[in-house]
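FYI, the numbering for the sequence shown is 1 to 775, going by full-length UniProt numbering.
I should point out that these hints are in silico values taken from the structure, not numbers from a laboratory. Mixed in with the good hints there might be a few duds.
No farther apart than 20 angstroms at their CA atoms in a straight line, the calculated lysine to aspartate or glutamate pairs in the EDC-like style are these [as the list claims (entries may be wrong)]:
hint : residue 1 : residue 2
1    : 640       : 561
2    : 773       : 240
3    : 189       : 240
4    : 640       : 624
5    : 592       : 517
6    : 592       : 474
7    : 664       : 517
8    : 612       : 474
9    : 612       : 631
10   : 592       : 127
11   : 640       : 667
12   : 189       : 624
13   : 189       : 289
14   : 773       : 223
15   : 773       : 748
16   : 664       : 474
17   : 773       : 179
18   : 775       : 748
19   : 640       : 179
What follows is a set of in silico ranges between Cβ atoms, one per label pair, in the way DEER data are often shown [to be verified]:
hint : residue 1 : residue 2 : range
20   : 362       : 388       : 46 to 54 angstroms
21   : 142       : 378       : 54 to 62 angstroms
22   : 278       : 687       : 55 to 63 angstroms
23   : 87        : 538       : 32 to 40 angstroms
24   : 87        : 516       : 47 to 55 angstroms
25   : 473       : 61        : 50 to 58 angstroms
26   : 507       : 724       : 32 to 40 angstroms
C-beta: ideal position from N, C-alpha, C; glycine also.
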Amino acid sequence: MILFSILVALIGLALTAGGIYLLVLGGSVYYLLAGLVLLLNGWLGFNRHPFTRPLFAGFLVVTMAWALWEAGYDWWALAPRLGLFMLLAIPLLVSSVADNGGRKILLPVWAILGVITLGSLFNNPHEFSGRLNMQVVSESPNLGDSPDDSWYAYGRSNMGQRYSPLGQITPQNIGQLEEAWRYRTGDMKRPEDVTETTYQATPLKIGDTLYLCTPHNWLVALDADNGTERWVYDAQVPAESQRQHQTCRGVSYLPPASGEVPSATLLNVAAETQASVECDAALFMPTSDARLLAHDPVTGALCAGFADNGELDLTHNMPYQQAGFYYSTSPPVVISGLIVVAGSVNDNYDINSPSGVIRAYDARTGELMWNWDAGDPENTEPFGPDEVYRASSPNSWAIASADEELGLIYFPMGNRTPDQLGWYRSEEDGTYSSSVVALSLETGQVAWVQQFVHHDLWDMDTPAQPSLIDLDTDSGVQPALVVPTKQGDIYVLNRATGEPIFPITELPAPQGTVDLDEAAPTQPISALTFRPPTMTEKNMWGATVLDQMICRIQFKSLRYEGQYTPPSVQGTLVYPGNFGVFNWGGIAVDPKRQVMFGMPLDMAFIQRLVEKDGADLGETNQGEQGLNSNEGAPYAVDMKPFLSMIGVPCQQPPWGYVAGVDLKTGEIAYKHRNGTIRDLSPIPLPIKMGVPGIGGPIITESGVVFLAATVDDYLRAYDLATGEQIWQARLPAGGQATPMTYLNSQGEQMVVQVAGGHGSVGTTIGDYVIAYKLK
């Protein structure tokens, strides 16, 4: 009884103090009342009063009623509200102190509430089951120019579908899938690396060889049958603390003029020691020190005829050239004899930064053919050596897609830096930021633009490669473009005209910015959307009632009037956060059945404007999570996930799902929690909570979907029809890369996953390439 009294009094004191503060902020009165009741209960316990147990039983009943009223019959909502109190009842139940029948009241109450709470484990109010229509709509869809047995581009082809026509691995035989081989690159995270050092590469399969890059820009060629290393080229990228990202998502391929698919050679010496050669075919690798390298696929040597002996300096014509401020993390697009290159510009480091210009070069010579700068969109003729692009203009850091038949290339556009300070932007910047823009392959001129965020103040870049599909609609078959966004919308557009296929409407948006800025009065929303509902105090979460209360205090202390609440000095809750409902992994589409599969997330962030006014801010330029200086601006910006004091999200789970959509109708067929807390908790419990992730899915012809991405280290397979998980394999490191599939020389279907972890997400770091096939 004494132990109970001490614990209850201490918790009651904490709840009373926090409850008063929360009530002053306009929050729930429950925590103050609970604290007072517990203080009384503690006093009664010290005095061994017979009313101790009945009072605590009544408190449990009232708390359960409040929890059900506030959050519904949901385990993840009930557990933090009741769990600690149910544990506190145990000393009362086992105490030998006489109580005149109080135990007979408390025991059944405790048992009944325990059964009710545990029963909620079987209720899943945040997901729903259904079935996609798996009828084949198009027998011969456009899959791009990648052969059936290969994977020629990041999304398999420039269509960006992440769909393979291979079907040996089926929902029926998936249980026979096992590891075939694994390879370690040797490129691991280094002490001097930036936090955002990640292994996100999707290999290409060309002929009998796999080609992939590593975080420090090693280009690796592997035997596609057994993973044997054929050659490695190390681009010798120097360390740079001002880089926001140290990653490489993939390389690009130029087919040979002769039409003969190259076969890599097993070399005894490193590829970088080879003399440059004349290349019939070429591989292109962008580096994190702003170069574009052209390689011979056979030997890995640089291509003598491209640019400066195989190396193109991408800082040419840049208005500012700070080390680490500009580079390409995503593979460029090779199409129509061009290599079209975009780049990433550091967010929020300096108002005077490199340009976000997009440039097309002759894929064989490296000659500049056109340049399109969102800050100067009409001037697409190649710049001369003394001309400079517009500083800090909106960039495109994600993967682009292209339609050679229409002569258009599609870029997901980011924002002008600084992200949260809009008064530096020109009218042109405002037109093209946070959009998809279609450019002419011939001239670089704009064919159309569709914007997804007006006057973006939240870092809501369009993050993912558009997927191209010919879609059956009420108006007939339309050339469609499907692109997911950070705010959760899936936009379905006619890729020839940019006109919406699914309606886009405008909704009123919160107002009120810092003095120099303004907020757009409305923001667009697609008829197909995964946007989560507006967050409320009831959505706060924690491991216990105490940290849940602290999260409520945090929530009520922030500015939040719903989605698109402007940034503030007070601190603004951004939900969905700039991590995004969807990020660079994007979606996969099945062009035969005209359905899509994606991994929507629900994660909130905090963005706080920090007035500088000559103050010493301490360490700045901390990357995408942390304090960044916005050099030259009156405000720095501090960004971080909305986490509790123990480092878990303050919002109630689930945080991650898988979902399927019928693209013919726009109907969401299913939405299931995805991933476990196996690698998040001190005890490795495989509890299916629905966790965050970053990476993308692929779909195969048989209706099997492969996806890793989550913060637990697994590669998983799903039934496309239902979204149900049907297989998983434990990975030795985080799988924050999109998988791929191909046929080996024996005609066997292989699935390959890169597993190397993600520095910011905190998954296990590694250097693995792992292949699977049927037994």
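Now the hints, each set against the structure:
Note on residue 640 and residue 561: the hinted pairing holds, with a Cα-Cα distance of about 19 angstroms set against a maximum of 20 angstroms. For the proposed pair residue 773 and residue 240, the alpha carbon gap of about 39 angstroms is over 20 angstroms, so the pair is violated. Straight-line distance between C-alpha atoms of residue 189 and residue 240 comes to about 13 angstroms, which keeps the hinted pair within the 20 angstroms bound. A C-alpha spacing of about 8 angstroms is found between residue 640 and residue 624, which places the hinted pair at or below 20 angstroms, so the restraint holds.
Our distance criterion of 20 angstroms between C-alpha atoms is broken by residue 592 and residue 517, whose separation comes to about 47 angstroms. Between residue 592 and residue 474, the direct Cα distance comes to roughly 17 angstroms. Compliance with the 20 angstroms bound is thereby established for this hinted pair. Note on residue 664 and residue 517: the hinted pairing is violated, with a Cα-Cα distance of about 41 angstroms set against a maximum of 20 angstroms. Under the criterion of a C-alpha separation no larger than 20 angstroms, the hint pairing residue 612 with residue 474 is inconsistent with the structure, at around 55 angstroms.
About 10 angstroms separates the Cα atoms of residue 612 and residue 631, which keeps this hinted pair within 20 angstroms; it holds. Proximity of residue 592 to residue 127 is assessed by CA-CA distance (about 27 angstroms); at most 20 angstroms being required, the pair is judged violated. The suggested pairing of residue 640 with residue 667 is violated, with an alpha-carbon distance near 33 angstroms, which exceeds 20 angstroms. About 18 angstroms separates the Cα atoms of residue 189 and residue 624, which keeps this hinted pair within 20 angstroms; it holds.
Proposed proximity of residue 189 and residue 289 is supported: the alpha carbons are some 17 angstroms apart, at most 20 angstroms. A distance of roughly 15 angstroms separates the Cα atoms of residue 773 and residue 223; the hinted pair therefore holds under the 20 angstroms criterion. For a cut-off of 20 angstroms, the pair hint linking residue 773 to residue 748 stands: about 7 angstroms separates their Cα positions. With a C-alpha separation of about 9 angstroms, the suggested pair residue 664 and residue 474 falls inside the 20 angstroms cut-off, and the hint holds.
The straight-line distance between the Cα atoms of residue 773 and residue 179 is roughly 6 angstroms, inside the 20 angstroms bound, and the hint therefore holds. Distance hint between residue 775 and residue 748 is fulfilled; the C-alpha atoms sit about 10 angstroms from each other, no more than 20 angstroms. At most 20 angstroms may separate the alpha-carbon atoms for a hinted pair to count; residue 640 and residue 179 exceed this at roughly 37 angstroms. Remark: the range hint 46 to 54 angstroms for residue 362 to residue 388 is contradicted by a beta-carbon distance near 22 angstroms.
Here the CB-CB span from residue 142 to residue 378 is close to 32 angstroms, at odds with the stated 54 to 62 angstroms. A C-beta distance of roughly 57 angstroms is found between residue 278 and residue 687, which places it inside the suggested range of 55 to 63 angstroms. In this structure the supplied range 32 to 40 angstroms is violated for residue 87 paired with residue 538, their Cβ-Cβ distance being about 23 angstroms. A hinted range of 47 to 55 angstroms for the beta carbons of residue 87 and residue 516 is consistent with their spacing of about 52 angstroms.
Distance hint for residue 473 and residue 61: a CB-CB separation of about 55 angstroms, consistent with the stated range 50 to 58 angstroms. Taking 32 to 40 angstroms as the suggested C-beta distance range, the pair residue 507 and residue 724 conforms, at roughly 34 angstroms.
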